[in-house]
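Chains as they are written, first to last, in our numbering: chain X, 1 to 112; chain Y, 1 to 113.
Hints may be right or wrong, so weigh each one.
[Said to hold, decoys possible] Restricting the straight-line Cα-Cα distance to at most 27 Å, the calculated cross-link-like pairs of lysine-lysine (DSS-like) are:
| # | chain 1 | residue 1 | chain 2 | residue 2 |
| --- | --- | --- | --- | --- |
| 1 | Y | Lys18 | Y | Lys55 |
| 2 | Y | Lys55 | X | Lys99 |
| 3 | Y | Lys57 | X | Lys99 |
Just so you know, the hints here were simulated from the structure itself, not pulled from any lab data.
Next come the chains, spelled out residue by residue.
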Amino acid sequence: AQSVSQHNHHVILSEAASLELGCNYSYGGTVNLFWYVQYPGQHLQLLLKYFSGDPLVKGIKGFEAEFIKSKFSFNLRKPSVQWSDTAEYFCAVKNNFNKFYFGSGTKLNVKP
Amino acid sequence: DVKVTQSSRYLVKRTGEKVFLECVQDMDHENMFWYRQDPGLGLRLIYFSYDVKMKEKGDIPEGYSVSREKKERFSLILESASTNQTSMYLCASSPPGQIYGYTFGSGTRLTVV
Numbered sequence: 001a002q003s004v005s006q007h008n009h010h011v012i013l014s015e016a017a018s019l020e021l022g023c024n025y026s027y028g029g030t031v032n033l034f035w036y037v038q039y040p041g042q043h044l045q046l047l048l049k050y051f052s053g054d055p056l057v058k059g060i061k062g063f064e065a066e067f068i069k070s071k072f073s074f075n076l077r078k079p080s081v082q083w084s085d086t087a088e089y090f091c092a093v094k095n096n097f098n099k100f101y102f103g104s105g106t107k108l109n110v111k112p
Numbered sequence: 001d002v003k004v005t006q007s008s009r010y011l012v013k014r015t016g017e018k019v020f021l022e023c024v025q026d027m028d029h030e031n032m033f034w035y036r037q038d039p040g041l042g043l044r045l046i047y048f049s050y051d052v053k054m055k056e057k058g059d060i061p062e063g064y065s066v067s068r069e070k071k072e073r074f075s076l077i078l079e080s081a082s083t084n085q086t087s088m089y090l091c092a093s094s095p096p097g098q099i100y101g102y103t104f105g106s107g108t109r110l111t112v113v
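Please work from the sequences and hints to get the whole structure.
In structure tokens:
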């Protein structure tokens with residue numbers, strides 16, 4: 001069965017700390033990879049996506065993610081977090097049947 | 001800007017009631033989806049639709065049905081609400097094609113008492 005694993009369920013950081021959220025997926029075929037963010041009380045928004053080309057993808061608000069095919073990973077990074085980055089982050093994989101699989105989410109709390 | 005509108009932000013219903021959750025999108029997207037979001041479980045797909053009058057079961061369809069009579073509207077129906085259906089329900093839409101992500105609605109928090 002296809003699945004998406006997010007290893008960290010809850011991350012607490014101080015402002016200016018660096019962030020890396022792990023995401024691994026299990027699917028051998030062609031995939032497109034996404035990170036979504038859900039700020040408190042708001043709907044899910046697309047942060048960034050990868051579908052081909054440069055495996056290092058830059059998204060909004062200074063986030064980036066690197067697709068490592070050999071490791072089936074798509075980790076999200078940000079060099080210096082801000083209090084406003086407090087949110088829940090979801091990794092998602094879309095397979096070549098156009099079906100999305102979401103991870104269980106990582107709650108990020110940034111202390112001011 | 002694509003908008004996906006869910007008719008209710010909060011709903012409280014009694015066990016056994018029939019519940020309708022409505023979702024409308026304004027960008028002519030072919031694909032529409034219903035998910036439920038529960039803490040620690042992420043998003044789980046209930047039903048989806050690739051076209052008008054077309055529906056497919058997702059991963060957890062039991063206790064739910066859907067209706068898509070018009071392209072812009074995708075309704076989720078709880079035939080007889082139960083307490084284990086208390087959850088946040090998210091509607092999403094997307095164009096066809098693998099490269100596109102979803103646009104999500106703001107969600108309906110349903111409580112079944």
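Lysine 55 of chain Y paired with lysine 99 of chain X [C-alpha distance capped at 27 Å]: holds, 14 Å
Taken at face value, is the distance from the CA of lysine 99 of chain X to the CA of lysine 57 of chain Y at most 27 Å? Judged against 27 Å, a Cα distance of about 12 Å means the pair holds.
Holds or violated: lysine 18 of chain Y with lysine 55 of chain Y, Cα cutoff 27 Å? holds, 20 Å
In terms of the numbered hints stated before, the structure departs from none.
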